[in-house]
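So the protein sequences, as listed, match chains A and B.
Okay, so the first sequence: first residue is 1 according to the numbering used here, each after it adds one.
Okay, so the second sequence: first residue is 101 according to the numbering used here, each after it adds one.
None of these hints come from the bench; they were simulated from the model.
One or more of the hints may lead you astray.
If you anchor each label on the Cβ, the simulated ranges turn out as follows [unchecked claim]: (1) A:Gln78 / B:Asp231: 19 to 25 Å; (2) B:Arg156 / A:Val73: 46 to 52 Å; (3) B:Gly121 / A:Ser64: 39 to 45 Å; (4) A:Val72 / B:Ala171: 53 to 59 Å; (5) A:Ser64 / B:Asp230: 47 to 53 Å; (6) A:Gly81 / B:Asp257: 27 to 33 Å; (7) A:Val65 / B:Gly431: 49 to 55 Å; (8) B:Val155 / A:Val82: 29 to 35 Å; (9) B:Pro281 / A:Val73: 21 to 27 Å; (10) A:Ser56 / B:Lys421: 37 to 43 Å; (11) B:Arg144 / A:Gln29: 56 to 62 Å.
In silico negatives: residues of chain B with every beta carbon more than 10 Å from chain A [unchecked claim]: (12) Lys119; (13) Leu129; (14) Val155; (15) Tyr162; (16) Val163; (17) Tyr183; (18) Thr246; (19) Asp257; (20) Asp293; (21) Thr312; (22) Ser329; (23) Ser345; (24) Gln374; (25) Glu389; (26) Leu422.
Virtual Cβ for every residue (Gly too), placed ideally from N, Cα, C.
One-letter residues, chain by chain:
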Amino acid sequence: MEPAPLSRRARVWSYTDARYQPPPPYVPQSDPYEPFAIVAAELEGEKIIVLGQAASGVTTDDLSVGASVELVVEPLYQVDGVDHLVWRWKPVAGAVEEEQ
Amino acid sequence: MSAEHDVAVLGVGMHPWGKWGRPFVEYGLVAARAALADAGVDWRDVQLVVGGETVRNGYVGYVSGATFARALGWTGARVATAYAACASGSTALDTARARILAGLCDVALVIGADTTPKGFLAPNAGDRWDDADWLRFRLMGATNPTYFGLYARRRMDLYGATTADFAQVKIKNSRHGLANPNARYRKEVTAADVEASPVVADPLRLLDICATSDGAAAVVLTSMDYARSRGMAAPVRVRAVSTVSPRYPNVVPDLPDIATDSALVAVPTVGFRQSIAAAAYEEAGIGPEDLSLAEVYDLSTALELDWYEDIGLCPEGQAEKLLREGDTALGGRVPVNPSGGLACFGEAVPAQALAQVCEVTWQLRGHAGERQIEGARVGITANQGLFGHGSAVLLSA
Numbered sequence: 001m002e003p004a005p006l007s008r009r010a011r012v013w014s015y016t017d018a019r020y021q022p023p024p025p026y027v028p029q030s031d032p033y034e035p036f037a038i039v040a041a042e043l044e045g046e047k048i049i050v051l052g053q054a055a056s057g058v059t060t061d062d063l064s065v066g067a068s069v070e071l072v073v074e075p076l077y078q079v080d081g082v083d084h085l086v087w088r089w090k091p092v093a094g095a096v097e098e099e100q
Numbered sequence: 101m102s103a104e105h106d107v108a109v110l111g112v113g114m115h116p117w118g119k120w121g122r123p124f125v126e127y128g129l130v131a132a133r134a135a136l137a138d139a140g141v142d143w144r145d146v147q148l149v150v151g152g153e154t155v156r157n158g159y160v161g162y163v164s165g166a167t168f169a170r171a172l173g174w175t176g177a178r179v180a181t182a183y184a185a186c187a188s189g190s191t192a193l194d195t196a197r198a199r200i201l202a203g204l205c206d207v208a209l210v211i212g213a214d215t216t217p218k219g220f221l222a223p224n225a226g227d228r229w230d231d232a233d234w235l236r237f238r239l240m241g242a243t244n245p246t247y248f249g250l251y252a253r254r255r256m257d258l259y260g261a262t263t264a265d266f267a268q269v270k271i272k273n274s275r276h277g278l279a280n281p282n283a284r285y286r287k288e289v290t291a292a293d294v295e296a297s298p299v300v301a302d303p304l305r306l307l308d309i310c311a312t313s314d315g316a317a318a319v320v321l322t323s324m325d326y327a328r329s330r331g332m333a334a335p336v337r338v339r340a341v342s343t344v345s346p347r348y349p350n351v352v353p354d355l356p357d358i359a360t361d362s363a364l365v366a367v368p369t370v371g372f373r374q375s376i377a378a379a380a381y382e383e384a385g386i387g388p389e390d391l392s393l394a395e396v397y398d399l400s401t402a403l404e405l406d407w408y409e410d411i412g413l414c415p416e417g418q419a420e421k422l423l424r425e426g427d428t429a430l431g432g433r434v435p436v437n438p439s440g441g442l443a444c445f446g447e448a449v450p451a452q453a454l455a456q457v458c459e460v461t462w463q464l465r466g467h468a469g470e471r472q473i474e475g476a477r478v479g480i481t482a483n484q485g486l487f488g489h490g491s492a493v494l495l496s497a
């Protein structure tokens with residue numbers, strides 16, 4: 001199998017959030033807990049829906065079905081002072097109006 | 101398929117759903133003895149015991165078939181245990197059915213029981229980077245309600261469903277469950293109650309999402325010949341059991357997956373959830389137009405609406421209309437979840453699919469008391485679980 005780069009751009013298929021702290025193996029990122037949004041987004045080129053947390057600071061108010069998002073990489077948690085990174089979905093500013 | 105593939109539901113029994121934290125075996129025994137008494141079958145005449153596995157109660161849960169057989173008293177009966185996530189009960193039932201239809205036994209006892217922890221269902225302890233169920237929690241904090249929230253939002257966007265529609269499902273099921281002695285929640289719920297409950301996974305609130313419960317259900321399944329020999333000329337019959345898996349490409353995010361298959365490949369015209377009931381209809385030669393009732397897996401209120409379409413009660417996008425017109429309430433054209441559903445029970449994973457069969461059986465016998473659907477002839481159960489599992493059981497009077 002050959003590694004193949006996937007689209008970084010995607011369209012929101014649906015979204016939700018996690019108002020209560022998920023149980024382990026989720027590693028809480030703050031104390032007290034702060035809710036985060038979760039996005040299911042369909043990759044533009046490959047038509048694969050990939051779930052991921054929304055980028056830091058993004059709430060469900062910033063999301064809508066069909067809107068454009070792009071992949072960003074952010075810290076998920078720290079182990080011994082080292083950031084462990086994860087993919088996240090971030091709305092593309094102004095993209096909704098342009099592309100619809 | 102013809103009547104020669106029918107098996108008889110000779111007895112059904114349940115332990116009420118609740119939250120007591122007692123060993124699951126205790127619940128299972130109560131349900132098993134109730135089913136045996138209902139069937140008029142002595143435990144020593146049971147030739148096969150099939151358990152639905154519970155994964156949250158240690159080794160005795162992994163081998164629940166043997167655990168129940170031992171607790172009832174070793175008789176030398178064959179034992180088997182089935183795990184298929186939420187479809188475990190149906191898979192256990194199908195194992196018993198297949199052995200009966202193969203002529204290898206006449207009397208089987210199928211039991212599912214669970215004791216569940218409080219709060220979100222979560223993976224067992226330990227790091228497993230190759231386990232999709234573990235990964236979705238670790239990398240995204242995606243609980244089961246996360247997926248329910250995604251489906252609910254999608255319904256709102258595609259079909260104009262509203263949170264008021266979702267609340268209406270809860271209100272309907274809470275009314276149905278009022279008269280069910282086995283239901284955990286027997287209290288009428290109002291729109292204001294739903295609105296007052298906290299959001300768990302936007303747009304779903306606490307009262308839109310089913311709880312996790314303790315409970316047990318059992319079914320005595322026999323050959324038609326055995327039923328006749330016991331003087332049961334017209335027992336409730338299992339006409340079909342569907343345990344189909346998804347077809348590639350599966351383009352809807354399913355629990356516990358992080359990604360779907362690519363929709364660039366030709367997508368099947370029938371999605372996974374639709375294919376579950378469709379296979380049961382095809383196997384039995386019975387269609388959704390023949391249904392008197394359905395018991396569907398309302399893990400969330402919004403998901404019950406998806407099921408209306410997936411079991412063929414209405415075309416895609418019409419579920420809200422069906423609900424609003426009262427078609428799926430008791431007294432309506434085809435009541436859905438007359439038992440009160442998971443909304444009133446909460447989920448006891450290995451017991452739940454069997455509990456659905458118990459309710460349909462009582463309805464088809466005319467023994468459902470205040471929630472009886474007059475003249476019920478045909479009923480279907482439907483559910484979906486993790487890792488490509490789903491099931492439907494089609495029964496007729």
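Quick check: which numbered hints come out false for this structure? 2, 5, 6, 7, 9, 18 and 19
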